[in-house]
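Engineer: These protein sequences, in sequence, are chains Y and S. The first sequence lines up with residues 30 to 362 when you count with our numbering. The second sequence lines up with residues 114 to 368 when you count with our numbering.
Just to be clear, a hint being listed does not mean it is correct.
Stated by the list, open to error - Computed, partial: chain Y to chain S, Cβ under 7 angstroms: (1) L85; (2) R108; (3) K109; (4) T117; (5) A119; (6) D121; (7) L123; (8) R135; (9) L136.
Bear in mind the hints are in silico, worked out from the structure with no lab data behind them. The beta-carbon is built from N, C-alpha and C at its ideal position, and this holds for glycine as well.
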Amino acid sequence: MVSTPVIQVTDLVKVYKGGTRAVDGVSFTVGEGEFFGFLGPNGAGKTTTIRIMATLLRPTSGSATVSGIDVLAHPAEVRKQVGFAMQTVAIDPLGTGRENLELIGRLRRVPGPQLRARIDELLVLMKLTESQKKIVGTYSGGMKRRLDLASALLHRPRVLFLDEPTEGLDPQSRLALWEELESVNQSGTTMFLTTHYMEEADRLCDRIAIVDLGKIVVEGTPAELKRTVGNDVVELQLEADGAEELERQRAAVGRMLDGFAPVTEVKASPAGIQLYVSNAAASIAELVRRLDGDSVRIGALTMHQPSLDDVFLRYTGKSIREEQATAHFSGWY
Amino acid sequence: MAAFVYETFLLGRRAVLRFLRVPGNWFGTLFFPLIQLLIFSQLFKDIIQLPGFKESSYLAYLAPGQIVFAVFLGVSWAGINMLMDYHNGFLDKLRVTPIHRISILFGEMVPLFFTSAAMAAVILLTSLVLGASLVTGILGGIGILAISGLFAVAWAGTSFVPALITKNEQAAGSLSLVFFPFAFMSTAFVPVERMPGWLQVVNNWNPISYVIEAQRALMSTGFDAALIGKALIAVAILFVVTQTATIWAFRRLTA
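Extracted from the complex, chain S is given alone in its bound form (with noise of 0.2 angstroms):
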């Protein structure tokens, strides 16, 4: 056990040093939500007085989907790391030494968890410059966070999957663009109020919405225990399902 966790965190040591030394990861993930974050938020500043939205103003709706966006966006690719080392040897390199194998993904799924936090801390520190509030204060911030590392762990292996599967980092590259849809069709940018009936259903099962909604309570009407109760469940399903599939998935590239 202890062996494990010493490989895993030399593993991901390497990985957040990656992760930080190609400006390209933090710069590409923070770059959509934060155009998002002030553009959206002055084009559409009068959807506010549509009935269905609660806050105060469209900025203080939009900033949480839009930390959900970045960790949606920074990890939409993260299986494409372990691909490159596949293709250039490394993951082999890693093989051969007498490591526990699963210490390899655990490398690369651990860091995930700070990083995508990190991301998430800049998206609400600049909302909170912008305007925004957090009526739940340092503690409900860094709930937002913790909530924002686990969801980001768990969506990764909608990367992982078709990338270890594939083989391919076009092929894998496209097949995130399919879960896009969760992300633009969840409460990010408008209440399911607000929704025609079928994206409602839709709402019921998509993951990326109960997140949301638990960091919205977060942020602007405080520690609601039922929408944070439910973004936790949604969470570990998605992590029992995208982990699982995963570990399977690497299994079958490292057997």
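Chain Y with its partners taken away, still in its complex shape (with noise of 0.2 angstroms):
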């Protein structure tokens, strides 16, 4: 899968003042124009990792190499082979697009005809044309991102990072950027994302790092992941009045599966129970013929193939959308 490694990065730990151990031991390889996610919560290192890679924070120890430049040894060479799309837009808001584009393009030495082509083609890409000569500060969210991105591509680089690109978005503008981004690693850039939506990750990355509390708790394609939760999830939905009516049919429908071989697991769900069956689309008919009876009320029956939400939750134990971002703080508040 791995062909020569673009990105490789070996027992980084980056402990913060403090003590907060960030980043705890991670090692991944990174191959030519692969397109590779860190998918994990709030807070569990993924913005510290791009950082070290893109040379503005030191590791604590470890090694990250990018384009076989070690980022420590030489960061300025490092340098002229990334791009970085930051979490935070980072433009110059009094700036206009184009003087944005021209003042990075100009401190990366683009040379000038290049230059201006580069942008105006850039600018298609981003469907910012219009709007090129307007101050930024007027921009909508999803026209900044877009600008910062096409920053980030001036210099065709070989490398781009970008750190939770579609943070914010409405859905519209991030399907868009999704579609930017496929084509941008099209043309041959390999990619780093950093996300906490599973969506993002299953539809652009190539492979994921599932990311908690600065480790890597399990790396693989998308399919290859869900096939590690195996079961498919069938959710009952169960019309019963009051919670004590509610617990009583979730007890029956145990009662009514017990020693069906193709449920492996029974949970309960706000409005009702959750069951993982394998295969289940050629035991449903069976399992529904079981829950025929008087003692159930079944108001809606829903099945799905496992998502990365289920892999996260095998992985660590929790569901991905319950963490809560623990932020750092710094500075006289």
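Reconstruct the complex from the two isolated chains, following the hints.
Structural biologist: If you want it as structure tokens, here you go:
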């Protein structure tokens, strides 16, 4: 799967002042042209890892190379190879869209005529041609994101780092940005993305590492990871008046399915019960027959294949959505 | 070296555009000194009769102080711009480009020379229109603007250091107020002879007074080498102290 490694990270550790182990022994490689994702809740160490690789932060121990260049030994060389779209959209709000791109392009020493052509091309790709002469402060959140992404692509980087690229975007803008990221990847750029959106990792990434508390919990293609959960999920909504009645019906379901081999696990859900079923399509008819009777009233039945959310739950014992941000406090407040 | 100059130019041009695009920047800088120039020159008109004043009118005495006051106001919060870049991530974006890191700081500092000289020019021209004189002519006027620009960069350090250390706009803004007494205790409003003994001592150590005295000489008496020399030495000492601290704070912030 992994061809020539473009990114190689070995035993990376970052301990902040105060003792927080934000990154706690992370190792992985990313191959040429690959779209690799770090999926995890806020505070898992994703941003810290990406900032170390982008030469913005020094690790406590361990090493990282990009294009075979050590980020600690030759940060200036690494900077020439990478683009970085940060979680906070980093553009000059008092400059126009075009001025922002010109500034970064010139600082990156893209030659004049080439820079003009490249800016025009990226403005088209990011659908910003119309608004290139407007002050960025007037842009929408989606436009700022796209401009930021364009500024990270000016010098045709070999590797693009994306930290939560669609955070705070509405669904349409998110979908549009995904398409743009896919086309950047298809043009040969190696992508490293962090996200806490399952759908995003699932849609974009060739390979995913699930991270939690500074460690990689599991790594693989989205399909591989979902297969490790194995079972399909069947959700039964129960029609019950009151909690007591609901509990009684859940118990009844448990009794009726006792000894039914395809059901491997039964879990209460807010409005009913969740069943983990191997090969649900084949066993659903028998399952429903077994539940036939007066003691259980089924309001709705849904089946779905395991999502990355189920994968996350399986490996960390918690749902990614329950996780809260643990912000680092700095400065005088 | 050439790379560093080019990068400073690119970033400095952005800082100048940013200054011009927010009217509050130049309006806020000019409003207070202009009002003082217009009102105090009338309100305290008769103060000129007291011993210690050598000028023909209080306006003539007041004008150089207000030029320096405008420069002072213009740079007292200058460090906050870099702090905003720090918070919105733009500073990190610059740090990911393969440039000399110090260009980022110089790109903020060098434009202050030019924007402050321009602010000084507005106050100087206004005071000439109101009736103040400029005995040293164009050359002296350029000298006034040059000293203003140098003082601006030197004084800006008093804003950059607290801003970059606290990383907090409010804290940095409040700390700038700590330096305000230096402007009011200077010879901007009354000559040192009219001050109580302890304020005279303070003035011996107040770089703002040295800058005002040189500019007053250029406006009212002529090219006074001693006063201009003292002003340049005061600015040079201030420059070395504040810029050393600023570079230290900048390195610390972007480590």
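Engineer: Do the numbers back the hint for L85 of chain Y, that is, is its least Cβ distance to chain S under 7 angstroms?
Structural biologist: The hint holds - L85 of chain Y has a Cβ within 7 angstroms of chain S, the shortest such distance being about 6 angstroms.
Engineer: A closest beta-carbon separation below 7 angstroms is what the hint needs, so does L123 of chain Y meet it against chain S?
Structural biologist: holds (5 angstroms)
Engineer: Quick check on the hint: L136 of chain Y CB to chain S CB, less than 7 angstroms?
Structural biologist: holds (5 angstroms)
Engineer: Does K109 of chain Y hold up as a contact with chain S if the rule is Cβ-Cβ below 7 angstroms?
Structural biologist: holds (5 angstroms)
Engineer: Hint validation: A119 of chain Y versus chain S, beta carbon distance must be below 7 angstroms. Holds or violated?
Structural biologist: holds (3 angstroms)
Engineer: Holds or violated: T117 of chain Y as interface residue toward chain S, Cβ cutoff 7 angstroms?
Structural biologist: holds (4 angstroms)
Engineer: Double-check R108 of chain Y for me: the hint is only fine if its C-beta lies closer than 7 angstroms to a C-beta in chain S.
Structural biologist: Since chain S brings a Cβ to about 4 angstroms from R108 of chain Y, closer than 7 angstroms, the hint holds.
Engineer: For the hint on D121 of chain Y, just tell me whether its beta-carbon gets within less than 7 angstroms of chain S.
Structural biologist: holds (6 angstroms)
Engineer: When the nearest CB of chain S is found for R135 of chain Y, is that gap smaller than 7 angstroms?
Structural biologist: Nearest chain S Cβ about 5 angstroms off; hint holds.
Of the numbered hints listed earlier, not one is contradicted by the structure.
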